[in-house]
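Enquirer: Sequences are here, hints too, so could you generate the full structure?
Below are the chains, spelled out letter by letter.
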Amino acid sequence: MENILEVKNLCKKYNDFELRNITFNLPKGMIMGFIGENGAGKTTTIKAILDIIKSYSGEIKIFGLDNRKEDKIIKEDIGVVLDDMFFPEILTPVDINNTMKGIYKNWDTKMFFDYLKEFSLLQNKQIKTFSKGMRKKLEIATALSHHPKLLILDEPTSGLDPVARAEIIEIFQSVLEKEECSILLSSHITTDLEHIADYITFINNGEIVLSKPTNELLDKYGIVKCTEKEFLDINRKDYIKYIKTKYEYEVLIENKQVFKAKYNIAVIDKITLDDLMVLMIKGAE
Amino acid sequence: MIGFIKKDLAMIKSNFKLIGILIVVYAVMGLFDKMDISFILPFMSVMIMISSFSYDEYNKWDAYSISLPNGRKNSVKSKYITTILMILLVSIITVIISFLISYINTKTINYEQILVTMFGTVFGTLLVLTFMYPIIYKFGVEKARIGIFLLVFGIVIIGSLLVNYINLSNILKSLVFLEDYLIIILIILTIIMVYVSYKISKKIFSKKEF
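Residue numbers (the working numbering), protein chains in the order written: chain A, 1 to 285; chain B, 1 to 210.
Rather than coming from a laboratory, the hints here were simulated on the basis of the structure.
Hints may contain errors.
As the list claims (entries may be wrong) - Where chain B lies over chain A, by a calculated footprint (3+ residues, C-beta under 8 angstroms):
no.: 1; region: 41 to 53
no.: 2; region: 77 to 89
no.: 3; region: 95 to 102
Claimed, not checked - Keeping only pairs whose Cα atoms sit at most 16 angstroms apart, straight-line, the calculated EDC-like set for lysine to aspartate or glutamate is:
no.: 4; chain 1: A; residue 1: K149; chain 2: A; residue 2: D77
no.: 5; chain 1: A; residue 1: K28; chain 2: A; residue 2: E179
no.: 6; chain 1: B; residue 1: K73; chain 2: A; residue 2: E70
no.: 7; chain 1: B; residue 1: K13; chain 2: A; residue 2: E89
no.: 8; chain 1: A; residue 1: K132; chain 2: A; residue 2: D84
no.: 9; chain 1: B; residue 1: K60; chain 2: A; residue 2: D83
no.: 10; chain 1: A; residue 1: K13; chain 2: A; residue 2: E207
no.: 11; chain 1: A; residue 1: K260; chain 2: A; residue 2: D238
no.: 12; chain 1: A; residue 1: K69; chain 2: A; residue 2: D51
no.: 13; chain 1: A; residue 1: K241; chain 2: A; residue 2: D269
no.: 14; chain 1: A; residue 1: K13; chain 2: B; residue 2: E209
no.: 15; chain 1: B; residue 1: K73; chain 2: A; residue 2: E76
no.: 16; chain 1: A; residue 1: K225; chain 2: A; residue 2: E254
no.: 17; chain 1: B; residue 1: K60; chain 2: B; residue 2: E142
no.: 18; chain 1: A; residue 1: K220; chain 2: A; residue 2: E254
no.: 19; chain 1: B; residue 1: K208; chain 2: A; residue 2: D51
no.: 20; chain 1: B; residue 1: K207; chain 2: A; residue 2: D71
no.: 21; chain 1: A; residue 1: K28; chain 2: A; residue 2: D77
no.: 22; chain 1: B; residue 1: K73; chain 2: A; residue 2: D51
no.: 23; chain 1: B; residue 1: K60; chain 2: A; residue 2: E89
no.: 24; chain 1: A; residue 1: K61; chain 2: A; residue 2: E2
no.: 25; chain 1: A; residue 1: K54; chain 2: B; residue 2: D62
no.: 26; chain 1: A; residue 1: K225; chain 2: A; residue 2: D269
no.: 27; chain 1: A; residue 1: K246; chain 2: A; residue 2: E228
no.: 28; chain 1: B; residue 1: K77; chain 2: B; residue 2: D62
no.: 29; chain 1: B; residue 1: K60; chain 2: A; residue 2: D84
no.: 30; chain 1: A; residue 1: K149; chain 2: A; residue 2: E177
no.: 31; chain 1: A; residue 1: K132; chain 2: A; residue 2: E89
no.: 32; chain 1: A; residue 1: K54; chain 2: A; residue 2: D71
no.: 33; chain 1: B; residue 1: K73; chain 2: B; residue 2: D62
no.: 34; chain 1: B; residue 1: K207; chain 2: A; residue 2: D51
no.: 35; chain 1: A; residue 1: K61; chain 2: A; residue 2: D71
no.: 36; chain 1: A; residue 1: K260; chain 2: A; residue 2: E230
no.: 37; chain 1: B; residue 1: K202; chain 2: B; residue 2: D62
no.: 38; chain 1: A; residue 1: K237; chain 2: A; residue 2: E254
no.: 39; chain 1: A; residue 1: K54; chain 2: B; residue 2: E209
no.: 40; chain 1: A; residue 1: K178; chain 2: A; residue 2: D114
We put the beta carbon where it would ideally sit given N, CA and C, even for glycine.
Expert: Written out as structure tokens, the structure reads:
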């Protein structure tokens, strides 16, 4: 399968934080959920992909092209929403349209104003009068209105209420139905991703912990809930991490079927991305 | 690139009214033969453009601008072009008004004096841009304000020391042969200065991380 985005051995060192050998691929037409707790390295990785930070080692290819050498061509086809608000507050959506019309070759004014209407955003109001949810919708409308082949969205739902979050996730789903687009979507709110992401890439403390198709992850991985005696019988090779709670052990396993065949433990729960994150980050080995 | 210019103009459009008011004040003061404040107008356009850097910084536009096609290059280029366009436009308006005032007050137009004043002002204004913009790109608007203060302070100190220790009038006398070419020299010097300043700013911004 053709990859829209390839990140290989990306390393970046700060005084107090380091990205180590970040490697993952986003296949064409797919949505990748990029998950991890706050400060895990999601935004730094995205900034490296977009050339907002420069002094890193490793290779990043977008549409098969080097992201630093072919910067101009690549960015014509990328739509971006960053984690911070980024439009000058004194501008209006009409100003944003005029600006982007002069920046993107494929800017689609009609599409932009259609989105504004769909999102109930007033065209001539200054952005500073918009709520956080409205600003995000404006940013998303802008990211979508030049028919991008790749959307890079850093925490687009963070800080929003559940209704606005659901609306925004719906927008992404409908975009995928209409346009031939791939999405890299970072979030620490994993429930948003379970239904829409085809792939999950999980970053923790500057390292990629796993990068797999969501189905495979949610179908195969499981949580074994057992007593201490049962836990001690489990071979170290057969689990990934565990947490000892007040009453039981919660053990993260990679393959429910294989585990069931080997051990006689009754309770194996389905996993959610939240469970996965908690066990991976907090669990012992 | 046009898009970046449009964005900068949209950001400062609320200040156009201020420039309009200043132009009217200038015209009225000129008509009543009061103080000549024509130099303030082009200078104001640079100050207004500097405020656009504050907006960019405050709203975290710079990081986003890099994610746009050719963003690193064009955001710097557009700041220079927009500022120069503003200075030229305001200067032309000021010159036209000065001609009118001169004609109304004296029934003749003192072309030479008006144009020399305006050339001097445009040169001075572009000098501010030349020094200020690379400093803004390197250190941000807030620190740049302190930087420009220190710079002016330094120039004044060095200048006064030079005047004390060097016989300036002798140097000026030896440069007198340049007088006929002064305007052309000034124009060439200005173009070189602004170009070098742009190149430095572009270089600084091309390496900047957010």
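Enquirer: Are the hints correct? Go through all of them and say.
Expert: Status of the hints after comparison with the structure:
A stretch counts as covered by a chain when three or more of its residues have a beta carbon under 8 angstroms from one of that chain; for the region 41 to 53 of chain A and chain B the count is 5, and the coverage holds. Look at the region 77 to 89 of chain A against chain B: 9 of its residues bring a Cβ nearer than 8 angstroms to a Cβ of that chain, three or more, so the hint holds. A count of 6 residues in the region 95 to 102 of chain A with a Cβ less than 8 angstroms from any Cβ of chain B is obtained; the coverage claim is therefore met, three being the minimum. At most 16 angstroms may separate the alpha-carbon atoms for a hinted pair to count; K149(A) and D77(A) meet this at roughly 5 angstroms.
Distance check on the hinted pair: K28(A) and E179(A) sit about 12 angstroms apart at the alpha-carbon level, within 16 angstroms; holds. Taking the CA atoms of K73(B) and E70(A), the gap is about 14 angstroms. The hint holds against a cut of 16 angstroms. As the CA atoms of K13(B) and E89(A) are separated by approximately 13 angstroms, the hinted pair is consistent with the 16 angstroms bound. Restraint check for K132(A) and D84(A): the C-alpha separation of about 11 angstroms stays at or below 16 angstroms, so the hint holds.
Restraint check: the Cα-Cα separation between K60(B) and D83(A) comes to about 11 angstroms, which is no more than 16 angstroms; the hinted pair holds. The straight-line distance between the Cα atoms of K13(A) and E207(A) is roughly 12 angstroms, inside the 16 angstroms bound, and the hint therefore holds. For the given pair, K260(A) sits about 11 angstroms from D238(A) by alpha-carbon distance, which is consistent with the 16 angstroms threshold. Restraint check: the Cα-Cα separation between K69(A) and D51(A) comes to about 10 angstroms, which is no more than 16 angstroms; the hinted pair holds.
For the hint linking K241(A) to D269(A), the alpha-carbon distance of about 15 angstroms falls within 16 angstroms, and the restraint holds. Proximity of K13(A) to E209(B) is assessed by CA-CA distance (about 13 angstroms); at most 16 angstroms being required, the pair is judged to hold. Our distance criterion of 16 angstroms between C-alpha atoms is met by K73(B) and E76(A), whose separation comes to about 15 angstroms. Of the supplied pair hints, the one linking K225(A) and E254(A) holds, its CA atoms being roughly 14 angstroms apart against a limit of 16 angstroms.
Our distance criterion of 16 angstroms between C-alpha atoms is met by K60(B) and E142(B), whose separation comes to about 15 angstroms. Note on K220(A) and E254(A): the hinted pairing holds, with a Cα-Cα distance of about 6 angstroms set against a maximum of 16 angstroms. Proximity of K208(B) to D51(A) is assessed by CA-CA distance (about 10 angstroms); at most 16 angstroms being required, the pair is judged to hold. Restraint check for K207(B) and D71(A): satisfied, since their Cα atoms lie roughly 14 angstroms apart, inside the 16 angstroms limit.
Of the pairs offered as hints, the one joining K28(A) and D77(A) holds, with about 13 angstroms between alpha carbons and a cut-off of 16 angstroms not exceeded. Distance hint between K73(B) and D51(A) is fulfilled; the C-alpha atoms sit about 13 angstroms from each other, no more than 16 angstroms. Our distance criterion of 16 angstroms between C-alpha atoms is met by K60(B) and E89(A), whose separation comes to about 10 angstroms. Between the alpha carbons of K61(A) and E2(A) the distance comes to roughly 12 angstroms, so the proposed pair stays at or under 16 angstroms and holds.
Using a Cα cut-off of 16 angstroms, the hinted pair K54(A) and D62(B) holds, with the two alpha carbons roughly 14 angstroms apart. Distance restraint check for K225(A) and D269(A): the Cα-Cα separation of roughly 8 angstroms lies within the 16 angstroms cut-off, and the hinted pair is therefore satisfied. A distance of roughly 11 angstroms separates the Cα atoms of K246(A) and E228(A); the hinted pair therefore holds under the 16 angstroms criterion. Between K77(B) and D62(B) the alpha-carbon distance is near 13 angstroms, which keeps this suggested pair within the 16 angstroms criterion.
For the hint linking K60(B) to D84(A), the alpha-carbon distance of about 7 angstroms falls within 16 angstroms, and the restraint holds. Restraint check: the Cα-Cα separation between K149(A) and E177(A) comes to about 13 angstroms, which is no more than 16 angstroms; the hinted pair holds. A threshold of 16 angstroms between alpha carbons decides the hint, and for K132(A) with E89(A) the separation of about 12 angstroms falls inside it, so the pair holds. A distance of roughly 12 angstroms separates the Cα atoms of K54(A) and D71(A); the hinted pair therefore holds under the 16 angstroms criterion.
The suggested pairing of K73(B) with D62(B) holds, with an alpha-carbon distance near 12 angstroms, which does not exceed 16 angstroms. The suggested pairing of K207(B) with D51(A) holds, with an alpha-carbon distance near 10 angstroms, which does not exceed 16 angstroms. The straight-line distance between the Cα atoms of K61(A) and D71(A) is roughly 10 angstroms, inside the 16 angstroms bound, and the hint therefore holds. As the CA atoms of K260(A) and E230(A) are separated by approximately 13 angstroms, the hinted pair is consistent with the 16 angstroms bound.
For the proposed pair K202(B) and D62(B), the alpha carbon gap of about 13 angstroms is at most 16 angstroms, so the pair holds. Distance hint between K237(A) and E254(A) is fulfilled; the C-alpha atoms sit about 10 angstroms from each other, no more than 16 angstroms. With a CA separation close to 7 angstroms, the supplied pair K54(A) and E209(B) stays within the 16 angstroms bound. Pair hint K178(A) plus D114(A) holds up; C-alpha atoms about 14 angstroms apart against a cutoff of 16 angstroms.
In the structure shown, no violation is registered for any of the earlier numbered hints.
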